[in-house]
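Novice: Respectively, the protein sequence lines represent chains A, B and C.
In this text, residue positions in the first sequence follow numbering that gives the first Met the number 0: the first is 0, and each later residue adds one.
In this text, residue positions in the second sequence follow numbering that gives the first Met the number 0: the first is 0, and each later residue adds one.
In this text, residue positions in the third sequence follow numbering that gives the first Met the number 0: the first is 0, and each later residue adds one.
For the record, the hints were derived by calculation from the structure and aren't laboratory data.
Glycine included, every Cβ here is placed at the ideal spot set by N, Cα and C.
It is possible that some hints are incorrect.
To be verified - With a straight-line cut-off of 20 Å between C-alpha atoms, the simulated SDA-like cross-links for lysine to any residue are:
(1) C/K265 / B/V99
(2) A/K809 / A/S670
(3) B/K213 / C/T237
(4) C/K129 / B/L53
(5) A/K614 / A/I592
(6) A/K45 / C/A188
(7) A/K50 / C/E213
(8) A/K50 / C/T245
(9) B/K183 / C/E181
(10) B/K213 / C/E213
(11) A/K453 / A/V376
Said to hold, decoys possible - To spell it out: a stretch of chain C is covered by chain B in this simulated footprint if at least three of its residues, at any positions, have a beta carbon under 8 Å from a beta carbon of chain B; those stretches are:
(12) 3 to 11
(13) 18 to 31
(14) 58 to 70
(15) 152 to 164
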Amino acid sequence: MAGLANTFGRGVMTNHFIDYKNSDVILMIGSNSAENHPQAMRWILKAKQNKGAKLIVADPRLTKSAAFADIHLRHRPGTDIALLNGMINYILQNNLYFHDYVVNYTNASYLVNPDFGFHDGVFSGAGTKDGKFTYDTKSWQYQTEEDKIKKDPTLQDPYCVFQLLKKHVSRYDSKTVSRITGVPEEIFLKACALYASTGKPDKAGNVIYAMGITQHTYGSQNVRAIAMLQLLLGNIGICGGGVNAQRGESNVQGSTDMAMLSHLIPGYLSVPSAVAHPTLKDYLSKETPESGYWANKPKFLVSMLKAFYGEQATQENDFCYAWLPKHDGKNRTHMGIFDFMAKGAVKGMFAWGQNPAVGGPTAAEERKAMEKLDWLVVVDLFETETAAFWRRPGANPKGIKTEVFFLPAAMSYEKEGTITNSGRWIQYRWKAVDPPGECKSDLWIADRLFKAVKKEYQQNGGKFPAPILQMLWDYDKPGRQEPDLDRVATEINGYNVATREPLASFALLKEDGTTACGNWIYGGYWFEDKEAKVPAAKRRVREDKAGLGLYPRWAFSWPVNRRIVYNRCSCDPAGKPWNPQAVLARWDGAKWITNDVPDFGIKDLKTGDPVPPEKSAAAPFIMLPEGQGRLFAPTVGDGPLPEHYEPVESPVQNILSKQQNNPLAVRFNGSAAKLAETGSAKYPYIATTHRLIEHYQSGAVTRNCPWLAEIAPHMFVSISPKLAQKLNIKTGDEVLVESARGQIICKASVLPVVKPLLIDGKEIEVVAMPWHWGYKALVTGPSANELTPSVGDPLTSIPEYKAFLVNIRKAK
Amino acid sequence: MKGPVTAEKEWLPEDWRGEIGELTGKKWRFRMTPARVVLLALGAISVLITVYRLFAGHEAVSNLNDHWPWGLWIGFNVLAGVALAGGGYSTALLANVLHVRKFSVVARSALLVSLLSYLFVMFSLFLDIGKWYNFWRPFVFWGYHSVLFEVFWCISLYLVVQLLEFGEIATERVLTGWHALFKKAMPVLLIAGVMLPTLHQQSLGGLYIIAVGKLYPLWWSMLIPVFFLISSFFVGPAMVTLVSTLAGRAYRWTVPTEVLQKLIRVSGVLMLVYLGLLVYDLSSRGVWGLVFKGNLEGNMFILEVLWMLIIPLVICWTPALFNQRKWLVVFGALVGSGVVLNRMNVVFTGMAGYLGGHYFPSLMEWALTIGFIAITALVYMFVAENFRIHAREEEIAPEVAEVEKGVVA
Amino acid sequence: MSKGVLVDVTRCMGCKSCQVACKSWNDLPANVPDVPEFSDGLNSPAETNGYTYTTVAIRTVAREDDYVLRFCKRQCMHCLEPACVSACFARALQRDPQTGAVVYNQNMCVGCRYCMLACPFNIPKFQWDKTFPIIGKCQFCFDPNGKLNRIGQGLAPACVRTCPTSALQFGEREALLKEARERIKKNPAYIKHIYGEKEIGGTAWLYISDTPLEIFGFRQDLGTRPLPEYTASYLKFTPYVAVGWTILLTALYLYTKRREAVEEEKKSAQG
Ligand SMILES: Nc1nc2c(c(=O)[nH]1)N[C@H]1C(S)=C(S)[C@@H](COP(=O)(O)OP(=O)(O)OC[C@H]3O[C@@H](n4cnc5c(=O)[nH]c(N)nc54)[C@H](O)[C@@H]3O)O[C@H]1N2
Ligand SMILES: Nc1nc2c(c(=O)[nH]1)N[C@H]1C(S)=C(S)[C@@H](COP(=O)(O)OP(=O)(O)OC[C@H]3O[C@@H](n4cnc5c(=O)[nH]c(N)nc54)[C@H](O)[C@@H]3O)O[C@H]1N2
Ligand code: SF4
Ligand code: SF4
Ligand code: SF4
Ligand code: SF4
Ligand code: SF4
Ligand SMILES: [Mo]
């Protein structure tokens, strides 16, 4: 998501599932939609059936999605940047990019500081601080003249982004790509040619990605490469195009929107830093850019504070900004937390709808770390491996002091509320059945928990009680057990403080405390649809006048019910649609005609006059200060351009530079940090992990559902027939898989699902494992995460689940 | 002449106590020998397994599975069992319908073997079916389009007929008052007792007609009912030879070699017919290639033909062998086991290729089959020792004649 | 006009939703905790069983330079002239002429398993572990007097309803045949054959594919003659054999009897 936010301005899937039917070529890379997003596959197949769309799947495994591929690129895990940069190189070398789009809507013409350089895998500005590698990004910035960025629309200046990019990717010729990735050159070139065909105005190329891309120590750079590819081909902001980051859990988009990530507060505002933002003024002045939509940030933050603290929040007291928790700058992501936990620095933990004992990297270490907790609260549907960590196989319950509380939760069908899907559609779901026994909705649990904590503070006091005691918490509904969802939703949506009326849009938010809004991006989702007479998120109108699958009155899509973001890019600067068959917006000479909610100003808010196309053409990416898509991203901490590095555990040396790994990869030094050396003889095979359609994640739900348990009852590892022959292993044999961190015994599946790849002249075997098993539920088995390393991406700290080293042998 | 022949009692006996007294008061003979103790033990085990099977289900006892819906019990107990019981109706046809009096000497023994075999078959069937409490349904709800329907009805009726036929023997000793009545019914029973097995012997083969494409083409044929019929007929004399030899040892009952030879010649002729038909069938379906393919099916087929047909035919038509009683026994053993082999080939060898999976009878399946055979043997001995089964030629002929006089005259 | 389902292998992604939906709708228990044996990580259970009416078969198929996966849902074909119905001597299997569903009535069943032997697609399966086992077989969601009825009231079967990719399509068999022909005509990738159109007299479930269906276990040797015809052509002789044989036997009986009596007389006259 960081890669997207830094390229386009928003870290979201740009289009939506139904829109896939409008694509001409789909590049699915590091995603296996047929198993993990099956409904997406429905629309991909529609595109294939109805308009002869082509599908390229880039995946080391023969996946169920690859079954539909016109070209299947079987590349080595962790070599996506080589592949993508190679494609970009092919496109630039052969002039297949969408010139008008690139010139007008990207920063291709921007001139970069002449000090910028790149040498042997490292960008300029490299240095060390506290013994750690750092980048000083000064030399990556644009050249400015009187506060204006210098540009060369001819794209000839050697310091313009376009030339820098061209130079950077020129090292990724097809031969080199093939040596790194193991994809035969001719297949790679075929894929390049096919995908480059979408660089034409009326062709839409769609890149779908997921965890195969992100779960790497350069996951954000992988995403960046995808985003750049799409900008070059003019595939952003159009029907059937986009960078479609397929999110994970059904409501992970919703929870990210609500600030699940440790560096964010709701609506993608960054967490106030204890150091940089002690006061509201510090925060607003440092965090508010001068241009782009984020210039409105103060309105969002103040409205949020009003929503949090109600009447207590006043202009005079900086809207209680002081009460907001501040970040201490330490790693507070999943791996960071467990690292601290292992060191005894964490007293208590809520595992609220999470099962790290199975899903976390180097899970055995995470389970061990939990032993250091004084208390653990698990809010879940089942007694998960996490809840039962103290009596896991091999543990001595007597030796574990952690007090474990289990709060039984209601499942999604047993409660109501909204779910935000990957395409940002916020859809209301009604309750189907009552929860069993004492299970309660998460909202109920959160509500009672807050009240209990507040009571504790009231009765016994505590440090810094104000934020708790003064928190606006008014969700009770007389005569009902459940908190009033409508009040919660209205608060998220934003309301007029005086009237308590929901606001129609975040455009109405104010900086002066007259509006309150829990999460600005959701503005309008709880505003009543006048015809349907329900809040927008509850409507279900199957109407699609444009025939593009936009369904504007089905639920609500944030922001402001826009289905395809950056849709200004669907027309040329004069407002003429690139593809007259798929019109999202059109300037008819006097005004804008729109099918989707425009992602640009079409009417002057004050005068009501139409805004001419030239104005919006200058800044189609409204969330970026410079307003244009970033082929070169000065803001990305680990490099403005993606560069191939090897996974932290790799069987081979990086052939492109001396820099073997991402110099900024997140590493730890506890026992979870054991790693195999490059080219390790002890762990000669590349391993990757993946999902199965039959199970969900840690399997807590699916392995407890008999019908799902029986259709995938056994943990297994896929090995190629060739390796199997070498190791004398047959399908169904028990094998031992071992990494530097642990070992598991599971079944072997010998099928051409994986096969050895020819890497720089050497044949290297790839093995693959699902990770859905644990020691609880109806069917049990070892978790693949006994083996995975605790290393991560510098921007997101996502663990490198997708490429590490193992050894395999027949279990006796 | 022994035993009352006259029918003085009324149609309905007035005094039931008399009848029961007759049954219980009788002195039943049964010599216990070590061998019989073993048989008894085997039988007892099979009874236990039966009960267990009926109340614990199939999986607990047998190795049958979705690939192999039919196994040892249907394949051997039923299919081979019925075939081997063919001695009953073939000798009945010869001796009692066609009045070849020579054969009367073995008719009773053959009937008994047949009756017991059919009981064995029925018990086996009953415990093989899943919902055994529903066994009666096809009597009421007629799935007449099924070959199994014909088999089921036929076998059931034939069992009744045989029981009645046996009634005629039994009432010589017990419930003698009924004897005359049985005698009267004999001709009808005799004819039904030949007609019914003719139908179901072929229908057992007919069961496999629907397995077209599943049963290996060396065995699948539209003529399979005919093959089953003929083989069930020619296996009769073989069985008679075997049983009379075994029983002869035990009971010092010798069936004249000449009688056996006659019987075996009848078999021989039919086997020639079978062979001719087989040659015709293989040719017309163009599957000779499969015979010599060298695969399991081909080899088993060759083995079956050699075993069941060719070698016995050689014995039958080589005077030097034919005139030695021991070769006649060999003939019997070969044909008997050859027909079993044929049935096994149909049920197992011929189906294996298609069905896939794996099946080998479990210990309990074997134990049950063996136990049932043991029980059958014990019952045979019991009956043989208490009723007039092993009649001598001179005893039988006039008696049968007499029986029939009552009706025909 | 009877109903049918068109299964388009080129649209199936092996998601098994249909497999699970079938269990869910039909209240079928899972084999848990006594789970199916590991087969290969893709298929589970490897085949249908007494509690599983349908499975999605997943196979790897070799192509020019690499492999592809192909998926195919399997269940009862609902033959127009079902071998199983003809084989059932207890009338426990019947074909509903309106819908074309071949349904099994457990109350009528004896458990002889002849239907298993008869079915050319190996569909009927048995609950081997039960004391009173029943046959397990796709009922086409037809249950006119029970709660499992779907197609009897015009709804698509549970599996079809659940399929995300329209790999399964429910409708009038005739209309589906037309649709199948159109798809085959439009896209050269298809094998030019509609499996089930003519096989053994036709089936309600029809398959089109770009990959030979043998790999999923579909027999290619079936021919077009309905299997029950084979049996019928044999069984039709039964009455004649029964009557003719009885008459013949009686005649022989009387004749030989008479001859014997004559001989006897002769003998006694001489003696
Ligand atoms: N049935 C099911 N659906 C799910 C989930 C589930 O557990 N089960 N989980 C949900 C969640 S939370 C998420 S995040 C999504 C994840 O959805 P996906 O990202 O689609 O899931 P994965 O199977 O983990 O990874 C996708 C593919 O990446 C491939 N891959 C491995 N290494 C590499 C690599 O280096 N490069 C590339 N290009 N590909 C690689 C794997 O072979 C795999 O096929 O799915 C969601 N949907
Ligand atoms: N090796 C390897 N490891 C991975 C990945 C990988 O690709 N490879 N993928 C990673 C990814 S992308 C993710 S998202 C994580 C997921 O890791 P986790 O989030 O730890 O795993 P889940 O199984 O999704 O945990 C969700 C829990 O929520 C419970 N639950 C379900 N519904 C509710 C509800 O309504 N309320 C409450 N309170 N609880 C509920 C479930 O029972 C379950 O225990 O795993 C990561 N781990
Ligand atoms: S969210 Fe549910 S319906 Fe949608 S693809 Fe995933 S499992 Fe299917
Ligand atoms: S497929 Fe088999 S079970 Fe289904 S109707 Fe046809 S014969 Fe009967
Ligand atoms: S098992 Fe049941 S349904 Fe099948 S043929 Fe026998 S009685 Fe009929
Ligand atoms: S039609 Fe009904 S019974 Fe048959 S497979 Fe589909 S859901 Fe199951
Ligand atoms: S639900 Fe549809 S796509 Fe999924 S396995 Fe079944 S037939 Fe195939
Ligand atoms: Mo995820």
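Novice: The structure should be examined with respect to each hint, and the outcome stated for every one.
Specialist: Evaluated hints:
no., hint, verdict
1, C/K265 / B/V99, "holds, 17 Å"
2, A/K809 / A/S670, "violated, 27 Å"
3, B/K213 / C/T237, "violated, 24 Å"
4, C/K129 / B/L53, "holds, 10 Å"
5, A/K614 / A/I592, "holds, 16 Å"
6, A/K45 / C/A188, "holds, 16 Å"
7, A/K50 / C/E213, "violated, 30 Å"
8, A/K50 / C/T245, "violated, 72 Å"
9, B/K183 / C/E181, "violated, 73 Å"
10, B/K213 / C/E213, "holds, 15 Å"
11, A/K453 / A/V376, "holds, 18 Å"
12, 3 to 11, "violated (count 0)"
13, 18 to 31, "violated (count 0)"
14, 58 to 70, "violated (count 0)"
15, 152 to 164, "violated (count 0)"
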